[in-house]
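Undergrad: These are the residues of each chain, in order.
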Amino acid sequence: MTPGSTSPSLQIDRLCCVRGDRTLFHDLSFAVSGGELLHLKGHNGSGKTTLLRALAGLLLPESGEIRWQGENIRALREEYARHLLYLGHHNGIKGDLTAVENLRIAAILDGYALDEETAWRILAEIGLRGHEDLPTKHLSQGQKRRVALARLLANRATVWVLDEPFTALDVAAVQLLQDVIHRHVADGGIAIVTTHQEVAMIGANTRTIELGRRDA
Amino acid sequence: MLEPLYWIIRRDLTIAMRRRADVFTTLIFFVIVVSLFPLGIGPEPETLRQIAPGIVWVGALLASMLALEQIFSADHRDGTLEQMLLTPQPVSVLVVGKILAHWLVSGVPLVIMAPVLGLQYNLSADVLLVLMASLLLGTPALSLIGAIGAALTLGLRSGGVLLALLVLPLYIPVLIFGAGAVEATASGLGGQAHLSMLAAILVASLVLAPLATAAALRVAED
Amino acid sequence: MSSRLINWFKFSSPATFYPLARKISVASAVIAVVLIAVGLYMSFFVAPTDYKQGEGYRIIFVHVPASWMSMFIYLVMAAWAAMGLVFNTRLSAMMAQALAPTGAMFAFISLWTGSFWGKPMWGTWWVWDARITSELILLFLYLGYMALRAAIDDPRRGDRASAILLLVGVVNIPIIYYSVQWWNTLHQGSTIKMNAETTMDETMLITMLIMTLGFWAYSIAVAMARVRTVILERERTASWVRELGLAGS
Amino acid sequence: MAEFFHMGGYGLYVWGSFGITALCMIAEPLLLRGRSQSIRKRIARMARVEQEVQQ
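Chains as they are written, first to last, in the working numbering: chain V, 2 to 217; chain D, 127 to 348; chain G, 50 to 298; chain E, 3 to 57.
Watch out, some of these pointers could steer you wrong.
Claimed, not checked - Just some of the chain G residues that point at chain E, by a computed CB distance under 7 angstroms:
| no. | residue |
| --- | --- |
| 1 | 162 |
| 2 | 169 |
| 3 | 171 |
| 4 | 282 |
The hints are simulated quantities; they were obtained by calculation from the structure and are not laboratory data.
Beta carbons: idealized from backbone N, C-alpha and C, even for Gly.
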């Protein structure tokens, strides 16, 4: 968590994103602060993924600003990335590396060391016991997703941006992931999550925004 | 800054070692292309000796360009590239790491193989030495410049051909000084000046190319 | 407030520029026709016959302006590209896009006329002369830019990717030119200069300048007309385009 | 007149150069006109379709 007394806050100010010819959303404004879980809903093509990629700083919005602690994330760049964890449609793991290697490399690139022992413990916790040192290309779809999700347990980022984290997960894993997200929020973090299926994301401080309602 | 650099190189080398077959494809391409020319031109030793620097250099240039097409595409497909853009590390440093690893795997074998191919063309020992030196300085520059093109064409339909169209004109100075060094040595003029120009190009591209590549990667992941 | 202004600027600038571009285009076209007509008259009837190259030298009245334009347009494109990257404005990328075919055309004309000049002077259609080779590479750079633009479907990604390519190209052009020159001197390149400035008569110089200005005006006219088309193509769903009432025109 | 076109023996080269330049500089605006008209027609067609839908 960030040192100092200020609570983390992410502000979205009149954001507008265009894909090809389509304006996905227009003048979208909202704010999320520490201890809040934002649940984004919307039909396919309503711009959920685009919004999340913009929030992660991957996508340059047509206009509008996203501010982290009052400063535009475009200006902050690496400083913002330090506080961010983004999980997209792709798992972001290398098939030729083992789960442990994947987790440790991700940790080092994220700027903190993760020793071998902790990596093994986290992978066991997420239900990959016995698969830790297998190249991940040999794992099932659900297991690969778990490797990706293991980063949530290892990471110290404040802002979690998760795009469809529940896909390809079984019931037990869904339950585990929900617990992890709620724990993160309870600790004062921010979580922004999209789902298209009805996964109960209800808990304290949950807010839902539905995209694609008003016709832009 | 050096730690992520070390880890990204280590990561890419580990992956390359686990799929060793890919490493040899570039090398075999290089050998075949260079061996084709005598068949097209004729076995006259004097003619071959004269055109050898150009041929070996063009062969190395094409091989390195073909290998570059793959430098970011696997990471792009599995999503690790977008994760790299979201780390607190400067993207250009990670890019340098990736290019360096890529060069170690695909460029260094070319440098080592070149003298063997030079023997096919009757080059003398000192010329072979300069050939190696010029490739040692030139191929990393090719990788650095080519990476810009690879990032710009990432995920496009006509990626491979387009990459060639974008990158080959930019390769011209490296080719001129690289092949020039070998030729100057063969004709007794000495290749020192050429080699120092190559070194200058290498340094310049080491400073500038990763910035352009990082910017292009951000655009490609947009 | 200020961000609202920028917002407005970004969204409507193609719309406000669209009618302005028409005015610039028409005015430049008129100037181009006048200047090129005067330039052609001077090329054939005023400028004297060169004592060394006879009538053949008259080719330089199109060759040199075309070469200058091809280089200059690339620089202008790079400047627009840099502006587009820094300010994230769509119009600047469109301007670069609109200039490219004209620049490529001038590079082609420069090569063609160079070749037609070289045949009687050097006896071959093609010489690996430093300038001609550099011009050829410049044509390749134009073609690469246009190919990259065409290969990217999302126009905004296309804008930014091709802008990076332009900037990389502009940094490389001096290096390429220098290396080609080095290569050329080592291989005993032709010593004949295309536009031997020392023997240039004053009327020849004036004629060349008039032609160059004419080509300038032509480039502006065509680029403005093309940027209008590009704006229409890219903004076809925008409400202001619908309000233009293009039916019939 | 014939002498003018002969260009002191350089006729082919001089006219070949000026000719191709003229050709390019006339063809480019014409091609551009075609491109502009096709997009205008398309926009007009889209507008018509939209009106029909509204009615």
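Undergrad: So, for every hint listed, does it hold in this structure?
TA: Against the structure, the hints come out as follows:
With 7 angstroms as the threshold, the beta carbon of residue 162(G) comes within range of chain E, its nearest partner Cβ sitting at about 4 angstroms, so the hint holds. Annotation: interface hint on residue 169(G) holds; nearest CB of chain E at approximately 5 angstroms, less than 7 angstroms. Nearest Cβ of chain E to the Cβ of residue 171(G): about 12 angstroms, over the 7 angstroms cut. The hint is violated. Taking 7 angstroms as the C-beta cut-off, the interface hint given for residue 282(G) holds, the closest approach to chain E being about 5 angstroms.
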